[in-house]
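S.K.: Turn these sequences into a full structure, and let the hints steer you where they fit.
Protein chains in written order, with the working numbering: chain A, 9 to 346; chain B, -12 to 319.
Hints listed in this document are in silico derivations from the structure and should not be mistaken for laboratory results. For every residue, glycine included, the Cβ atom is placed at its ideal position computed from N, Cα and C.
So, partial list: chain A residues that the calculated Cβ filter (under 7 Å) puts toward chain B:
#1 168
#2 291
#3 323
This is what each chain is made of:
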Amino acid sequence: MSAQNSLTGRGLGGVGEAPAPRRSRLNRRLLGLAAALLALVLLNVAMTPNFLQLQTLAVNVSQVAPVVIVALGMTLVIATGGVDLSVGAVMAVAGALAPLIFGSGWGVANPGLGLAAAFVGPLLVAAACGLFNGSLVSFLGVQPIIATLILFISGRGVALVLTNGNLQTFTNPSFTWLGTGRALGIPVMGWIALALALVVAVVVRKTIYGRYLLSVGGNERAASLAGTPVATVKIWTYLICSTLAGLAGLIVVAQNSASDAARIGNLMELDAIAAAVVGGAALSGGRAPILGTLLGALFIQLVGYTLVANGVPDEATFIVTAAIIVIAVWLQDSRRRT
Amino acid sequence: MTASLDLDLRRFTRPLGGGTHLTVWVALLALIVLGGLRYDNFLSAYNISSFLGYNSMFLLISVGMCLVIMTGGIDLSVGAVAALASVVAALLSPDGLIVALPGGVATGLLVGAINAGLIVGLRLPPFMATLATMLAARGASLVVSDNRAVSVDWGSDFTTLGMNKIGPLVPWTIVIAALVVVVAWYVLERTSLGRTVLAVGGNAEAAHLMGLKTGRALVFVYLFSGACAGLAGVFLASGYGAGQPLEGQGWELAAIASVVVGGTLLTGGMGSIPATVAGALLFGLVFNLLNFENGLGVISLSAYWQSVIRGAFLLVVILLQVRLARPHPTKA
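M.R.: Structure below.
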């Protein structure tokens, strides 16, 4: 294992050139974000009634957890220099499939197996979507925006066809636990999102895949010349992103005890991209600040909550989110130039 | 391994490259002939005029998008801008077309100016800058409209723009859209501004070093795209009787798809206005044909199938254009 690590370390060359400034720049950004988040919390403690309640925390966590899960995958895709517009549609497909599986005659006859299949089946389909995206990007050289646009357009249509456009409501306590259950007072899905963030962060930092990922995004041609399996890395990245989106779709459906294919994951691609970029990801690739993405998602969520809780209309929060994105990208860019 | 595959594909598809723009027109013509032969009312005045009226909006935003994409940029804000402009135009409609039309277009120009400021002034990547203005324009349209559709004033002459036709076939909206297309084509092919647009997309650095006014070209394309989206919003309000703050979701991606179907590279530096027009019409025609196929009763595809088939259609086009869609190999 250590031998392999040192081997890739040598092979990467370009990426290893200046690790120190890259890290410190990111750390500064993370510190800034954390400070902003803390300031926002303090502001809320002073301003927002009933802010320091477990219920407030639970509401925020259950709103932000699906965004975090999707944004983790999006960060990886962005790190390769790509983008995945299809995540919302993949959520809709996975979310539409799950109730169909455990609600089918077979699923009702075998509740245990049905439940397992309702988890595994949609995730496999989501993974297949990622395989499709990744293959278009790496084998055919289609630009990521265009490649993922196909499933963005068709994916939700598939989900609507599957459900005939109907809202599927269901009662299945074991499944809805995923969306409504709590552990230590915090929604289970919050723990899932946190655990996934930790796993992805470790994968990016400690595994060969993580090193390959950053080198592909940093300079694809150099990475390829240095022997990095560029196509494989990209395909895996899109596959991971779609699978995470599928999981987020399952969670949203479980939370609502209903699956509405027209609405699940609508505009999720924007939320996920925003979280990643506010967290320090650069669309040009080569950076995968997982902790930053987590903080970015929390920051956007809390800003929205603060505004709504203090009587600002929901619609106006769009404009504030837009301003946050502009400032985040501008800060990133001005730092890159200096 | 990948390198050899790369070479083979390119050698194999090179002869097709030159004729791609022609291919789009041939495909369009073939579909129209097919529709005309297969369906009774396909070439009826009603179908033609409603098809042209509806697609005039997509034509506009696709042409604006085409210019932006030629510079290597992207404008994700067009759908939200159209929604905002439709709301503004509907609110201004009691003062008549003479106020509401410029009002809607000015709204688009304003957002276009913000895009240009963010991209040229602050040097933000176009994807992120227009993503932000997309959110902001959507929010603004919901705030201005108080979160509901704004009915136009039917007493004024505002709705004549979207509902009146020249003869039985030609809606005014498609005439105006066609004029905009001609202007875009003229600017691109016959002016130094247009040549600069292409040069920026080909190699921004080199264009700048050659002394071309690259900033001016970028400002122009984002203003133009914004104005096109604003005009599309006016058409929407005028043709369908209401300013619709939630309309236009996904229009930007439909426009991008039309541009791609027309053979324009997302990397910029090349592209064709006429082929984009064909791409937009082709994309709209797929919908129209499906409706008629349903009407025949041979197949019964729900409306939900249409987006699946649109996506599949896009996939086929992309597969046919693999060589074109490949990013410039020189780009590191």
